[in-house]
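**Student:** For reference, the chains in residue letters:
Number of protein chains: 2
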Amino acid sequence: MPKIDFPEEVKILIAHLKRLPGVGPKSAERISVWLLGQEGGFGGDLADAVRRASGGVRACQVCGFFESSTVGCALCADEGRETSVICVVEQPTDVLPLERTGAFKGTYHCLGGRIAPLENVGPDDLRIDGLMGRLDAGGVRELILGVGSDVEGEATANYLAELLAARHPEVEVTRLAQGLPAGGGLDNADELTLYRALDGRRRI
Amino acid sequence: MPKIDFPEEVKILIAHLKRLPGVGPKSAERISVWLLGQEGGFGGDLADAVRRASGGVRACQVCGFFESSTVGCALCADEGRETSVICVVEQPTDVLPLERTGAFKGTYHCLGGRIAPLENVGPDDLRIDGLMGRLDAGGVRELILGVGSDVEGEATANYLAELLAARHPEVEVTRLAQGLPAGGGLDNADELTLYRALDGRRRI
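For the record, the sequence lines run as chains S and G.
Read in order, the letters of the first sequence correspond to residues 365 to 568 in this note's numbering.
Read in order, the letters of the second sequence correspond to residues 365 to 568 in this note's numbering.
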């Protein structure tokens with residue numbers, strides 16, 4: 365008796381979906397079967413959306429934010445931004461929550477990751493040369509290190525701070541404040557957060 | 365200042381991915397950004413896989429299992445199967461674990477769901493007419509109700525059993541055994557499972 369299994373097309377789809385982050389073999393199977401049951405050409409629409417985004421969007425050569433092949437980089441195209449302040453973030457997605465605060469009018473530089481030796485990510489894998497190029501061109505007054513407050517974020521911040529002190533001592537380097545998150549009580553804060561909140565206390 | 369957001373292509377991709385089962389807004393964003401970072405044309409491959417599967421695979425008109433436009437339905441094409449026994453399952457995916465047991469040589473009928481009034485799924489939404497057609501054609505000796513043992517599965521089994529008793533009393537209707545799962549101790553079994561295990565006890 366021949367072995368009964370998914371048709372070849374479905375097996376290939378499952379194999380591809382399984383590679384997506386957060387999608388395991390079971391979810392890949394579930395999504396595939398769900399897709400087969402969709403009416404109205406949703407599968408074709410999804411295929412188009414995947415193709416358009418993955419073919420038409422890449423990292424901006426200057427700042428590392430998303431650059432669409434049709435409209436370019438929205439950040440670099442925005443002439444109202446203060447070019448004297450650069451906020452360095454890990455990923456282009458980190459720009460969006462910062463933008464939502466409405467508190468920052470400067471430009472960004474997306475590194476494309478953070479220094480993480482355990483994941484084999486070193487300084488050369490990040491967009492640091494491009495950042496130095498922007499600083500070498502002059503006109504930058506302040507560099508805000510908007511990287512995460514975890515171990516890898518700290519390592520990245522320290523690495524950049526040392527590099528800047530050596531190559532561009534005229535640029536002021538700052539770091540996002542660390543402390544209690546808004547709405548958080550002391551009972552929910554871990555030791556390190558409390559330590560940093562104490563360390564960074566401000567006169568009111 | 366213009367609002368900085370994902371490029372349009374990425375927003376459309378996120379909107380599509382969000383509709384997949386088990387994929388929330390955050391996962392959709394994460395998958396999209398991950399896809400943009402993939403080298404080697406993975407996005408295009410994924411788009412192809414989605415298009416081929418959703419365009420080329422549908423439910424077999426006879427048994428409801430997957431039918432590929434290239435090779436047809438693997439179950440209906442298999443001439444070695446006993447056509448006198450039909451196992452009724454909810455979804456085409458339910459066929460695969462049953463096949464893996466190697467214990468069943470008959471044919472299947474995939475209903476495409478189960479009776480679930482709370483989800484607005486009634487008998488008319490299932491592939492029951494097709495099942496009756498197969499029974500009307502004659503030659504079927506036994507119908508195994510291979511639906512789930514939850515409330516909806518029970519409702520579906522009862523509905524089919526009554527229908528069969530009225531229209532095809534010559535067909536023996538059986539149900540998959542319920543009881544302790546393999547390797548499970550009594551301490552882990554819920555009351556209903558234990559009740560059914562007692563009720564269905566067999567002489568050894």
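Keep in mind the hints are simulated off the structure, nothing from the lab.
There's no promise every hint is true.
What the hints assert, rightly or not - The following label-pair restraints were derived from C-beta to C-beta distances: (1) S/P366 with G/V515: 49 to 59 angstroms; (2) G/V515 with S/E555: 25 to 35 angstroms; (3) S/E555 with G/P481: 48 to 58 angstroms; (4) S/G564 with G/V515: 48 to 58 angstroms; (5) S/E443 with G/W398: 54 to 64 angstroms; (6) G/K390 with S/E536: 51 to 61 angstroms; (7) S/R566 with G/K390: 51 to 61 angstroms.
Beta carbons are placed, not taken as given, at the ideal position from N, Cα and C, and that holds for glycine.
**Student:** The structure should be examined with respect to each hint, and the outcome stated for every one.
**Tutor:** So, going through the hints one by one against the coordinates:
1. S/P366 with G/V515: 49 to 59 angstroms: violated, 36 angstroms
2. G/V515 with S/E555: 25 to 35 angstroms: violated, 48 angstroms
3. S/E555 with G/P481: 48 to 58 angstroms: Once the Cβ atoms are compared, 53 angstroms apart, the range 48 to 58 angstroms for G/P481 and S/E555 holds.
4. S/G564 with G/V515: 48 to 58 angstroms: At roughly 56 angstroms between Cβ atoms, G/V515 and S/G564 fall inside 48 to 58 angstroms, so the hint holds.
5. S/E443 with G/W398: 54 to 64 angstroms: violated, 31 angstroms
6. G/K390 with S/E536: 51 to 61 angstroms: Distance hint for G/K390, S/E536 is violated at roughly 34 angstroms.
7. S/R566 with G/K390: 51 to 61 angstroms: violated, 32 angstroms
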